[in-house]
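Required output: the full structure, derived from the provided sequences and hints.
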Amino acid sequence: MSVAAIVKKVEPMIVSIDVKGNNSEDQGTGMIITSNGLVVTNNHVIAAAVGDGGTITVTRTGSIKSLPATLIGTNPIDDVALIRINNAKNLPTMTFGNSNDVVTGDAVVAIGNGTRSRRGYAHGDVGHCLRPGPHGDCIIGDGHRDVEQHDSDRRRHQPR
12 MSVAAIVKKV EPMIVSIDVK GNNSEDQGTG MIITSNGLVV TNNHVIAAAV GDGGTITVTR
72 TGSIKSLPAT LIGTNPIDDV ALIRINNAKN LPTMTFGNSN DVVTGDAVVA IGNGTRSRRG
132 YAHGDVGHCL RPGPHGDCII GDGHRDVEQH DSDRRRHQPR
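Numbering (my numbering), first residue to last: 12 to 171.
Bear in mind the hints are in silico, worked out from the structure with no lab data behind them. Possibly wrong hints are sitting among the right ones.
[Claimed, not checked] Computed Cβ-Cβ distance ranges for the label pairs, DEER-style:
(1) 81 to 22: 17 to 27 Å
(2) 44 to 111: 11 to 21 Å
(3) 51 to 112: 18 to 28 Å
(4) 62 to 112: 37 to 47 Å
(5) 112 to 20: 11 to 21 Å
(6) 34 to 79: 18 to 28 Å
(7) 79 to 14: 29 to 39 Å
(8) 70 to 111: 26 to 36 Å
(9) 15 to 64: 36 to 46 Å
(10) 83 to 31: 11 to 21 Å
(11) 62 to 13: 42 to 52 Å
(12) 14 to 107: 13 to 23 Å
For clarity, every value in this text was computed on a predicted model and none was experimentally measured. Note that CB positions come from ideal geometry on N, CA and C, so glycine has one too.
Right, here's the structure in full:
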């Protein structure tokens with residue numbers, strides 16, 4: 012599948028996230044993982060809303076309407092957070108692959124708001140596995156955040 016086809020396929024499952032706290036705000040990206048609105052994102056994206064009565068809103072691809080969301084849980088060590096789009100139903104959902112199948116040289120695509128501008132994507136490959144398994148696979152897990160290096164061509168592409 013081409014990079015353009017991958018982007019087109021997953022964009023309906025990607026949301027932009029805006030967070031406002033008492034003294035700070037942030038933006039990021041998340042993936043819809045359940046049809047009733049659970050979204051996985053990074054903890055650093057929602058950190059401004061934790062503990063100080065902040066707000067979280069999400070905007071689905073192709074929409075300009077911001078939807079309120081609620082923080083469900085965080086894991087600051089692994090930089091992961093779970094939010095829920097309030098009153099959501101029948102949403103398209105992301106399918107996760109099996110990290111045991113990842114090997115050096117596999118193609119990867121990253122989609123998001125990494126530069127806080129319009130959504131874009133970067134593509135490249137898995138350039139190095141920091142914890143190789145016995146069959147050339149990458150071992151992923153047990154609390155290590157930096158287990159793989161993804162080498163991008165460093166060009167950000169804007170969908171048309």
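Status of each hint after checking the structure:
The supplied range of 17 to 27 Å is met by residue 81 and residue 22, whose beta-carbon atoms lie about 24 Å from each other. Taking the beta carbon of each, residue 44 and residue 111 are about 19 Å apart, inside 11 to 21 Å as hinted. As the Cβ distance of residue 51 to residue 112 is approximately 19 Å, the hint placing it in 18 to 28 Å holds. Restraint check, residue 62 to residue 112: a C-beta distance of roughly 38 Å satisfies the suggested window 37 to 47 Å.
Separated by about 19 Å at the C-beta atoms, residue 112 and residue 20 satisfy the suggested range of 11 to 21 Å. Between residue 34 and residue 79, the C-beta spacing of about 21 Å keeps the proposed range 18 to 28 Å intact. In this structure the supplied range 29 to 39 Å holds for residue 79 paired with residue 14, their Cβ-Cβ distance being about 33 Å. A C-beta distance of roughly 34 Å is found between residue 70 and residue 111, which places it inside the suggested range of 26 to 36 Å.
Take residue 15 and residue 64: their Cβ atoms lie about 41 Å apart, and the range 36 to 46 Å holds. At roughly 18 Å, the beta carbons of residue 83 and residue 31 sit within the given window of 11 to 21 Å. Taking 42 to 52 Å as the suggested C-beta distance range, the pair residue 62 and residue 13 conforms, at roughly 43 Å. The hinted window of 13 to 23 Å between residue 14 and residue 107 holds, with their beta carbons roughly 19 Å apart.
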